[in-house]
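Undergrad: Read off the chains here:
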Amino acid sequence: MIQLIVFLPLLAAIIAGLGNRMLGNFVAKILTTGALFIACALSWPIFLDFLVGGQEAYVAPVFTWIASGEMDVAWSLRVDTLTAVMLVVVTTVSALVHLYSWGYMAEDPDQPRFFAYLSLFTFAMLMLVTSNNLVQMFFGWEGVGLASYLLIGFWYKKPSANAAAIKAFVVNRVGDFGFSLGIFGTFLVFGTVSIPEILEAAPAMAGSTIGFLGYRVDTMTLLCLLLFIGAMGKSAQFGLHTWLPDAMEGPTPVSALIHAATMVTAGVFMVCRLSPMFETSDMALAVVTFFGLLTAFFAATVGTAQMDIKRVIAYSTCSQLGYMFVAAGVGAYGIAMFHLFTHAFFKALLFLGAGSVIHAMHHEQDMRHYGALRKEIPLTFWAMIIGTLAITGVGIVGVFGFAGFYSKDLIIEAAFATDSELGGVAFFTLVFAALLTSFYSWRLIFMTFFGKPRWITSEHIQHSVHKTPETAEDATGGYHPHESPWSMLVPLGVLSLGAVFAGYLFYYPFGYAEEGEIFWAGSIALDTHLLHAIHEVPTWVKYAPGAVMLTGLAIAWLAYIKYTDWPAKFVDQFRVLHAFLYNKWYIDELYNAIFVKPAFAIGRFFWKRGDKGFIDRFGPDGVSALVASGTGVAKRFQSGYLYTYALVMLIGLVAAATWAITR
Amino acid sequence: MNQLGFPILTVMVLLPLAGALLCLIWPGQGEGKAGMARVIALGTTLVTFALGILLWISYEIGGPQWQFVEYYPIFGRFAWAMGIDGIALMLIMLSVFLMPICIIASWQSIQSRVPEYMAAFLLMESLMIGVFTAQDIFLFYIFFEAGLIPMYLIIGIWGGAERIYASYKFFLYTLLGSVLMLIAMLWMVQEAGTSSIPELMTYDFPGGAQNWLWLAFFASFAVKMPMWPVHTWLPDAHVQAPTAGSVILAGVLLKMGGYGFIRFSLPMFPEASAELVWIVFGLSMVAVVYTSLVALVQKDMKKLIAYSSVAHMAFVTIGLFAFNRQGIEGAMIVMLSHGLVSGALFLCVGVIYDRLHTREIERYGGLSDNMPKYAILFMLFTMASIGLPGTSGFVGEFLALVGAYEANSWVAVVCTTGIILGAAYMLYLYWRICYGELEKEDVKAMPDLSVRELATLGPIAAVVLWMGVYPESFLAPIRDDVGTLLARIEPANPPGDAQLAMGAGMLLEAEHGDGHGGDHGGEGTH
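Residue numbers (the numbering used here), protein chains in the order written: chain C, 1 to 663; chain H, 1001 to 1526.
In short, the hints are calculated from the structure, not lab data. Take these hints with a grain of salt, some might be off.
To be verified - 25 Å max Cα-Cα, derived DSS-like pairs, lysine-lysine:
| hint | chain 1 | residue 1 | chain 2 | residue 2 |
| --- | --- | --- | --- | --- |
| 1 | H | 1299 | H | 1444 |
| 2 | C | 375 | C | 562 |
| 3 | C | 452 | C | 467 |
| 4 | C | 452 | C | 562 |
| 5 | C | 612 | H | 1440 |
| 6 | H | 1444 | H | 1373 |
| 7 | C | 375 | C | 452 |
| 8 | C | 158 | C | 597 |
| 9 | C | 157 | H | 1440 |
| 10 | C | 569 | C | 452 |
| 11 | H | 1299 | H | 1440 |
| 12 | H | 1373 | C | 157 |
| 13 | C | 597 | C | 608 |
| 14 | H | 1299 | C | 608 |
| 15 | C | 157 | H | 1444 |
| 16 | C | 157 | H | 1299 |
| 17 | C | 584 | C | 569 |
| 18 | H | 1440 | C | 158 |
| 19 | H | 1299 | C | 158 |
| 20 | H | 1299 | C | 597 |
| 21 | C | 158 | H | 1373 |
| 22 | C | 597 | C | 612 |
| 23 | C | 584 | C | 597 |
| 24 | C | 158 | H | 1444 |
| 25 | C | 584 | C | 158 |
| 26 | C | 467 | C | 375 |
| 27 | H | 1440 | H | 1373 |
All chains should be built: construct the whole structure from the sequences, respecting the hints.
TA: Now the structure itself:
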């Protein structure tokens, strides 16, 4: 069964990819989408079995991969609660995104390739979440990276798409640099790469030290931090986040599947999978928490100033991933997974909703050219509203709430309940980030669906209606946005259900100690003490997220509905701050100046000055100049001496050898 | 005799030689003779490949170390001594597998002096197999150095515009190394009283002499590898060589350096290897970073891949000198993988060079549109070069780096940056060739892969994936031989720098005495 779930998408990808235009669009679409729906249908029973409890974890072997001494790596598929959670997330969102793409990509000439990439991605992601050893996890890790690269650069004619694709791959490789070293180190320390064996042996290694680059450092801290660098790359944490917003160059379904719901959560998954290891190092956990809260804050601030609808959601994703890492960092791994689970539904919903808006607006992505779309595309509007209610965490304590209300609030409470200094910092930062989240989410809704239409200022719309702002009769330019086809609306509907109920239905197994112990069944480290403490935080802590959510909503309403001149005034007033946020804290510029440009400059220097100017000059060229003038040597070569020369060389060799032997 | 009942190794060495002669003496003129030479060459290489498969199948894993042994005394101590272990077997397989592909790749692109060209390639095959099978040190030397001659001719006659400079440079570098190596060999035979490689591999040379001998061999192998800073012949040689020449150069000739380290430097001079390991590590670390950065700024496709070869071969050297199983097995897989992948990448360059007659990257762009099959295969080989798991590139690099980390964390950290830089320059190359807008008229007119071209790239792609997903087929034959080598060199193994110490407090004190503990990197949990 698990074999089917994992390998069906691979098979579909290979057939659709190699068949390509020979098979035609329809066959490719039906094959890949069919495979994913089957995988999805098979995954839910596995998840439900674990939810009920009593299901044993198991490992389905496939065959040997790399066997070199103690390094014994097998292809195998591990199924436990943690895997099961990821299985349903990955297959469900992937199946829906496949279906959605029928509509969204309908006019693309290259559909089989697109669907093959999507299925290939799903296969790699499934290999990642079912891995029983670090090396197979790395296989999946790189596999999703490849698929992400291919899909970001899917429209390979656009230079910006190519640049974004390479950036995504290379920045992720920086993370993989850490991940690789983490694997090497783990193997050195534990003599194995099998995850269960490592986790079993990890507590005994706590407090030991190891040599690294001439220093002696705490073994477990070193290993966890190296592995965490990998997680930071894949999950776009501060410092290695720069690729994620650019990744929005890819088609929107890709953003929903890869850059929101699944791949970018792989880092969180990794930390949870290795949670007993991270538990052995408080230092490592503190670093995880710190980067989590920094990212949550940073991305939320940047999200408030962006104009591209997909970029707003991308920064929102980045920020929410920060929340998950804070949860993992304070030891609430189950809650990190809970937020991962609910976030997958509502963030995929938001992205697919945004895709529907973009589809309706003739590929315009800038929200400055939207407005008043509520009436035009009502179903999309309601889907986006549900997604926004879920991400901002709307709900009434003790009664009912949307998905994010449960998972996000649990993280904030967990940060408070840790009762440490860093926990306190995390608590306040996350509450502030929640305020910003509410603000930018509602800002997106208001700019897109409310107010007056501003469509004609968009070049895309101008192309469509063949008018310019001057010639158009009004701001709509006579353009009529159309609601998306059913293939796009059905996934929105299903994901809306998830965004509404995913939190409410699974609150107990994810959020409580007793139920959690049965549910997780030892697949992650569970701090029952913390889980109890979470539910005993002061009332004001419980209500704080709700209060800031309302505040954010109110500010957004005032600024974008009531007094629409506020944003412009604000920008005028705080020019520097706005530029800082709008330009994403200038991190891309910084990296360009300190990494990219120097790399090319140094490369050129080594080539011209090193190879040509030094090694060759004093090496072969110098020798030839000494022996004779360089041209003289060349001339002798040219004038037919080649054969003679070769012959002399051979005879010389044989003579030398003969002399040596017979002497 | 051996399990097959006939001297298969001698046959495999002599068969291509016979084919070469046949190509030259076949009667006829012009096109008729050229056509016949092509057929003879393809036939000979295919038969040799079939013999190679027979060799692999009948090679007994877990059997005696040296198999298919042949010994015919010629005169004095000099003997036609042949025999292989698993390491040689794998490298022979690589050579005989690439050879027919080279012939097919040259089918149309070589139009002048075809019989001579084919003869040069067949001679080359003979000598390559000879290098990996020779069990007499002088026989090895002859094969090893004579291998230069056909390569030298291939570059010098069928090469590009700057071929004279390139072949001169190629010759000069390799000559220097080989003279030193010959002197060392003479001394060794004198000292040990035997020229048999297996016997020399177990002879304990005096410690003082080992360093000098090691350095003499190193001069030769480092050039062949090539290691920084004696690598500058490689980009020029590649750029000027015809496509198939580059394939053999990258695919097999570079592996002779690695083979030399495994066969001579490590087992014959274990103490010197341990003592001078810093040279290898130092040069390899420089090579990875330096050549990767240089590759990033290349404008010529072949130069870019040539520089990437230098970076990849550095993984071989760090793996071999890591003194542990993962390192050495990884180095072997890197050699095999790099032989396939860089060979395939040069073929990919050849495919489009044949159409547009330029290697300048800027002249291409958007090939995914009109050459989709090409784009897929090129992507696969690009990913294999980057070391994506699931391709052969990953298995080797991963194991080599695991081994290197055990030996020295600095080496692992510096060389692992290669995975970042490698991705950058390869993907940047792929972008400029295959992606982007297809706008140049002459590029638009380029047809997709022909059946002949698919026949060259397809088999390599299959093996690259095979080696990536199930490397056991390639690791099993070398396992015992690496074990034997390890048993020989282990006593000299220098301790790694990543020593684990339990119970932080007490042992940390002891470390202070060594002058390590003073600067504490990461604050632990104690």
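Undergrad: Give a verdict on every hint.
TA: Verification of the hints:
1. For a cut-off of 25 Å, the pair hint linking residue 1299 of chain H to residue 1444 of chain H stands: about 21 Å separates their Cα positions.
2. Among the hinted pairs, residue 375 of chain C with residue 562 of chain C is consistent with the structure: their alpha-carbon atoms are about 19 Å apart, no more than 25 Å.
3. Among the hinted pairs, residue 452 of chain C with residue 467 of chain C is consistent with the structure: their alpha-carbon atoms are about 19 Å apart, no more than 25 Å.
4. For the given pair, residue 452 of chain C sits about 12 Å from residue 562 of chain C by alpha-carbon distance, which is consistent with the 25 Å threshold.
5. For a cut-off of 25 Å, the pair hint linking residue 612 of chain C to residue 1440 of chain H is broken: about 32 Å separates their Cα positions.
6. Pair hint residue 1444 of chain H plus residue 1373 of chain H holds up; C-alpha atoms about 15 Å apart against a cutoff of 25 Å.
7. Restraint check for residue 375 of chain C and residue 452 of chain C: the C-alpha separation of about 12 Å stays at or below 25 Å, so the hint holds.
8. For a cut-off of 25 Å, the pair hint linking residue 158 of chain C to residue 597 of chain C stands: about 22 Å separates their Cα positions.
9. This hinted pair checks out: residue 157 of chain C and residue 1440 of chain H have alpha carbons roughly 13 Å apart, not beyond 25 Å.
10. Note on residue 569 of chain C and residue 452 of chain C: the hinted pairing holds, with a Cα-Cα distance of about 19 Å set against a maximum of 25 Å.
11. A distance of roughly 18 Å separates the Cα atoms of residue 1299 of chain H and residue 1440 of chain H; the hinted pair therefore holds under the 25 Å criterion.
12. Under the criterion of a C-alpha separation no larger than 25 Å, the hint pairing residue 1373 of chain H with residue 157 of chain C is consistent with the structure, at around 17 Å.
13. The hinted pair formed by residue 597 of chain C and residue 608 of chain C meets the criterion: a straight-line CA distance of about 17 Å does not exceed 25 Å.
14. Taking the CA atoms of residue 1299 of chain H and residue 608 of chain C, the gap is about 13 Å. The hint holds against a cut of 25 Å.
15. Restraint check for residue 157 of chain C and residue 1444 of chain H: the C-alpha separation of about 14 Å stays at or below 25 Å, so the hint holds.
16. Restraint check for residue 157 of chain C and residue 1299 of chain H: the C-alpha separation of about 21 Å stays at or below 25 Å, so the hint holds.
17. Proposed proximity of residue 584 of chain C and residue 569 of chain C is supported: the alpha carbons are some 21 Å apart, at most 25 Å.
18. Distance check on the hinted pair: residue 1440 of chain H and residue 158 of chain C sit about 16 Å apart at the alpha-carbon level, within 25 Å; holds.
19. Between residue 1299 of chain H and residue 158 of chain C the alpha-carbon distance is near 21 Å, which keeps this suggested pair within the 25 Å criterion.
20. At most 25 Å may separate the alpha-carbon atoms for a hinted pair to count; residue 1299 of chain H and residue 597 of chain C meet this at roughly 17 Å.
21. Between residue 158 of chain C and residue 1373 of chain H the CA atoms are separated by roughly 21 Å; this keeps the pair inside 25 Å, and the hint holds.
22. Restraint check for residue 597 of chain C and residue 612 of chain C: satisfied, since their Cα atoms lie roughly 21 Å apart, inside the 25 Å limit.
23. Distance hint between residue 584 of chain C and residue 597 of chain C is fulfilled; the C-alpha atoms sit about 19 Å from each other, no more than 25 Å.
24. Straight-line distance between C-alpha atoms of residue 158 of chain C and residue 1444 of chain H comes to about 18 Å, which keeps the hinted pair within the 25 Å bound.
25. For the suggested pair residue 584 of chain C and residue 158 of chain C, the alpha carbons sit about 23 Å apart, so the restraint of at most 25 Å is met.
26. Only pairs whose Cα atoms come within 25 Å are accepted, and residue 467 of chain C paired with residue 375 of chain C is accepted, the gap being roughly 23 Å.
27. Between residue 1440 of chain H and residue 1373 of chain H the CA atoms are separated by roughly 20 Å; this keeps the pair inside 25 Å, and the hint holds.
When held up to the earlier numbered hints, the structure conflicts with hint 5 and nothing else.
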